[in-house]
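Colleague: Each chain, written out:
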Amino acid sequence: MNGAVFAHRIQFAFTVMFHYLFPILTMGLGFFIALFSTLHLVTKDERYSNAAQFWARIFAINFALGVVTGIPLEFEFGTNWSRFSSFGGGVFGQTLPLEGVYAFFLESGFLGMFLAGEKRVGRTLHWISGLGVAGGSLLSGYFIVATNAWMQHPVGYETDASGGIHLKSFWAVLLNPYGIWQYLHTINGALLTAAFVIGGIGAFYLLSGRHREFGELSVKTAVVAGVILSLTQLFPTGDLNGASVVQYQPTKLAAMEGLFETQRGAPLAIIGMPDTENGRLIDPIYVPEFLSFLAYGNFNATVDGLNSYAKDLWPPVELTYYCYHIMVGLGTIFIAQMLIGLFLLWRRKLHSSRWFLWMLMLTVPFPYIANEAGWVVSEVGRQPWLVYGLMKTPAGTSANVAAGETIFTTMGFAGIYAMLSILFLFLVARIIHHGPEDSAAHA
Amino acid sequence: MLCFAQHDIVAGVGAMNIAWFWVLGAMLTAYAVLDGYDLGVGAVSLWIAKGDDERRIALNSIGPVWNGNEVWLLAAGGMMVVSFPRVYAAGFSGFYLALMVVLWLLILRGVSIEFRSQVKDPLWRALWDAGFWFGSLLLTLLLGVALGNVVRGLPIGADGYFQGTFALLLNPYSLLTGILSLVLLAWHGTNYLRVKTEGALFERAVRWSQALWWAVVVMVIVVTVATFITLAGRPRTFLLYPAAWGAPVVMLIGLVWGFASRREDRSNSAFRASTLVIVALMITAALTVFPNLLPSTLNPAYSLNIYNAASSPHALRVSLIANAVGMIGVIVYSTYVHRVFHGKVRLEESHY
Numbered sequence: 021m022n023g024a025v026f027a028h029r030i031q032f033a034f035t036v037m038f039h040y041l042f043p044i045l046t047m048g049l050g051f052f053i054a055l056f057s058t059l060h061l062v063t064k065d066e067r068y069s070n071a072a073q074f075w076a077r078i079f080a081i082n083f084a085l086g087v088v089t090g091i092p093l094e095f096e097f098g099t100n101w102s103r104f105s106s107f108g109g110g111v112f113g114q115t116l117p118l119e120g121v122y123a124f125f126l127e128s129g130f131l132g133m134f135l136a137g138e139k140r141v142g143r144t145l146h147w148i149s150g151l152g153v154a155g156g157s158l159l160s161g162y163f164i165v166a167t168n169a170w171m172q173h174p175v176g177y178e179t180d181a182s183g184g185i186h187l188k189s190f191w192a193v194l195l196n197p198y199g200i201w202q203y204l205h206t207i208n209g210a211l212l213t214a215a216f217v218i219g220g221i222g223a224f225y226l227l228s229g230r231h232r233e234f235g236e237l238s239v240k241t242a243v244v245a246g247v248i249l250s251l252t253q254l255f256p257t258g259d260l261n262g263a264s265v266v267q268y269q270p271t272k273l274a275a276m277e278g279l280f281e282t283q284r285g286a287p288l289a290i291i292g293m294p295d296t297e298n299g300r301l302i303d304p305i306y307v308p309e310f311l312s313f314l315a316y317g318n319f320n321a322t323v324d325g326l327n328s329y330a331k332d333l334w335p336p337v338e339l340t341y342y343c344y345h346i347m348v349g350l351g352t353i354f355i356a357q358m359l360i361g362l363f364l365l366w367r368r369k370l371h372s373s374r375w376f377l378w379m380l381m382l383t384v385p386f387p388y389i390a391n392e393a394g395w396v397v398s399e400v401g402r403q404p405w406l407v408y409g410l411m412k413t414p415a416g417t418s419a420n421v422a423a424g425e426t427i428f429t430t431m432g433f434a435g436i437y438a439m440l441s442i443l444f445l446f447l448v449a450r451i452i453h454h455g456p457e458d459s460a461a462h463a
Numbered sequence: 114m115l116c117f118a119q120h121d122i123v124a125g126v127g128a129m130n131i132a133w134f135w136v137l138g139a140m141l142t143a144y145a146v147l148d149g150y151d152l153g154v155g156a157v158s159l160w161i162a163k164g165d166d167e168r169r170i171a172l173n174s175i176g177p178v179w180n181g182n183e184v185w186l187l188a189a190g191g192m193m194v195v196s197f198p199r200v201y202a203a204g205f206s207g208f209y210l211a212l213m214v215v216l217w218l219l220i221l222r223g224v225s226i227e228f229r230s231q232v233k234d235p236l237w238r239a240l241w242d243a244g245f246w247f248g249s250l251l252l253t254l255l256l257g258v259a260l261g262n263v264v265r266g267l268p269i270g271a272d273g274y275f276q277g278t279f280a281l282l283l284n285p286y287s288l289l290t291g292i293l294s295l296v297l298l299a300w301h302g303t304n305y306l307r308v309k310t311e312g313a314l315f316e317r318a319v320r321w322s323q324a325l326w327w328a329v330v331v332m333v334i335v336v337t338v339a340t341f342i343t344l345a346g347r348p349r350t351f352l353l354y355p356a357a358w359g360a361p362v363v364m365l366i367g368l369v370w371g372f373a374s375r376r377e378d379r380s381n382s383a384f385r386a387s388t389l390v391i392v393a394l395m396i397t398a399a400l401t402v403f404p405n406l407l408p409s410t411l412n413p414a415y416s417l418n419i420y421n422a423a424s425s426p427h428a429l430r431v432s433l434i435a436n437a438v439g440m441i442g443v444i445v446y447s448t449y450v451h452r453v454f455h456g457k458v459r460l461e462e463s464h465y
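One line per chain: the protein sequences are F and P, in this order. FYI, the numbering for the first sequence is 21 to 463, going by the numbering used here. FYI, the numbering for the second sequence is 114 to 465, going by the numbering used here.
Footprint (simulated), chain P over chain F, 3 or more residues, beta carbon under 8 Å:
#1 77–85
#2 110–117
#3 131–144
#4 185–194
#5 415–423
#6 441–452
Derived DEER-like restraints, expressed as beta-carbon distance ranges:
#7 P/G164 to F/H453: 24 to 32 Å
#8 F/L443 to P/G359: 44 to 52 Å
#9 F/I389 to P/A132: 42 to 50 Å
#10 F/P385 to P/R320: 48 to 56 Å
#11 P/K163 to F/G432: 31 to 39 Å
Within a straight-line C-alpha distance of at most 30 Å, the following computed DSS-like cross-link-like pairs (lysine-lysine) qualify:
#12 F/K139 to P/K163
#13 P/K457 to F/K139
#14 P/K233 to F/K139
#15 P/K163 to P/K457
Simulated from the structure, these hints should not be mistaken for laboratory data. Please read all numbers here as calculations on a predicted model, not as lab measurements. Ideal placement from N, C-alpha and C gives every residue a C-beta, glycine not left out.
With the hints as constraints, model all of the structure from the sequences given.
Modeller: Set out below in structure tokens:
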């Protein structure tokens with residue numbers, strides 16, 4: 021891999037991972053804002069409207085940063101990956117403008133009205149705009165994941181004599197079988213993150229003895245939603261997303277699991293450190309034959325190991341392996357944590373169990389890490405392919421952009437994003453400090 | 114050879130390519146008109162809006178809509194990927210450094226709008242006021258420079274790519290189009306402020322709008338002369354289709370209308386006039402490059418045009434339908450959002 025290719029990859033990886041911190045929350049929080057707005061409309065209970073308004077403030081900051089950090093990514097298709105765009109734009113590009121046309125306009129238009137408040141736009145329109153914001157953000161996620169799914173598992177195209185590709189079926193691209201579960205797994209992860217953020221901030225208020233009513237509502241909402249979402253994160257969404265990997269991307273599967281030798285009754289490594297040079301795991305703990313069962317539903321099934329493939333078709337094993345294990349490990353902890361919360365709720369001790377509230381508050385970063393790690397598995401595990409089986413990563417870059425240019429602008433992004441991070445944390449901390457009840461006093 | 118491919122048009126082949134050219138043109142025109150007024154408000158904000166209340170009024174006049182306005186650029190970009198992928202690839206990679214600067218300015222401007230009113234502190238607000246102004250001002254200039262370079266042509270080679278250095282992009286012609294863009298959008302923005310504001314801010318907007326009208330007239334004349342010199346008869350659309358002269362004529366009508374609307378009580382009409390000028394200018398620019406999207410200065414045969422840069426006919430047809438259906442909805446509720454927020458800005462019910 022030459023320096024320019026590496027620079028393009030680092031730039032895209034950095035800007036997309038930073039960007040994704042914000043949509044993780046907006047995609048999930050939009051749903052909860054719509055939920056609280058609807059509960060307010062039905063019950064006329066002011067608690068719900070206060071909650072919706074408070075979360076809309078957090079949402080607005082995240083949305084603003086999601087927008088400004090998202091524009092670079094669309095540009096980078098052309099600035100950094102121009103040969104990829106030129107090659108496949110007519111096929112994978114189908115979904116890109118649809119995100120703008122069907123989702124962004126909806127989201128940005130309704131967010132303006134939602135933030136303007138009930139007094140300005142009226143109660144019903146305010147509620148509708150809450151739904152519009154949630155719907156828009158969930159929909160925009162779909163078009164992006166569908167675009168990514170085409171890179172994981174290209175469909176709906178035909179090849180011409182000169183090696184170019186052309187669109188064959190729009191619906192095949194839009195409804196890519198790889199994309200459906202990938203999307204649901206992604207959205208489920210976003211909803212789970214929002215539940216953790218709601219629970220974490222609610223727990224903070226309960227622990228510090230402020231805004232009790234809001235804190236109790238938040239923690240309860242987080243635990244009830246969290247139990248459901250942490251389970252659906254594993255099954256069916258995670259399981260069936262994994263099934264796509266088993267079916268279409270054997271090298272990614274082998275790297276995720278740290279499986280070097282092809283074997284019948286392959287074991288599942290719970291922990292262990294991959295030794296890529298010698299093709300083994302260091303200090304592993306195995307569950308015998310369990311990988312075969314997970315992948316094929318049969319304890320005796322044969323699973324392909326990395327050694328069955330040429331080394332230049334291997335993804336970076338360590339990164340793929342660790343990120344996968346971080347994601348699954350955290351996911352398991354989330355299930356346990358939320359089940360404990362449910363038990364406490366049932367025993368009516370949820371709001372008074374300070375140790376649990378501490379835990380809920382401190383685990384807020386973990387779902388973010390799990391989401392990002394999941395995407396690293398998805399993208400790094402796809403290597404060396406840019407489009408799996410169709411185009412290798414070095415073939416898709418902009419050949420007319422030098423490594424020096426990309427490194428220069430990456431440093432620029434690093435500086436700007438460091439500033440944005442500090443400002444973001446500062447402003448969110450202010451909103452949290454300010455608290456929900458008087459969230460209307462804003463200016 | 115300029116690849117006009119007129120026989121194709123006659124035979125009906127390539128109707129999709131032509132349709133997509135104008136769809137992209139319409140998207141970018143809508144962007145220029147809509148984001149144009151909020152960029153214009155930003156570009157003059159430091160000078161026109163004095164004191165915290167006026168700054169907030171200026172911000173709130175665009176607050177609920179600026180984001181939606183910017184989506185037109187994003188949607189246009191996505192449409193370019195799918196319809197003319199080679200143009201997207203060549204243009205964006207060629208303009209690499211310039212576009213990174215544009216991105217940083219878009220970030221600066223976006224966070225300035227959203228962060229400013231979060232903290233009630235004069236230093237904090239002064240910082241973001243400056244960011245909003247600086248980002249908007251440079252963006253209006255750079256967008257004009259970009260358009261000027263497209264009209265003028267780029268050193269696209271046989272491989273369909275070019276490497277755009279700043280030395281190349283900041284040529285005299287494109288700097289002139291950049292200044293035209295700056296004064297035109299600033300005029301458009303002050304006209305918007307005339308519609309949305311009252312009192313001292315309104316009075317200042319009226320005076321600025323009147324002065325900027327003259328600047329626009331001067332720059333239109335300068336750029337027109339420069340275009341005739343730079344392109345020296347290259348754009349054949351105007352020779353083949355005399356009706357194309359309608360676009361620049363409409364632009365002149367818009368300018369006259371703008372002059373007729375300089376009085377205080379004609380602010381709505383002034384905003385319509387600047388809208389008309391921008392639309393006519395964009396159509397004129399489109400007609401100038403048509404059927405190219407990125408003309409090559411090295412060899413006309415290397416130009417990326419609506420035929421050699423396009424996706425397959427099937428891809429063009431399908432995405433035209435898919436996007437057209439969505440755009441109907443977009444137009445309906447964009448209009449609706451603008452109607453909800455119509456009229457003068459009131460501070461007591463404002464978010465920004």
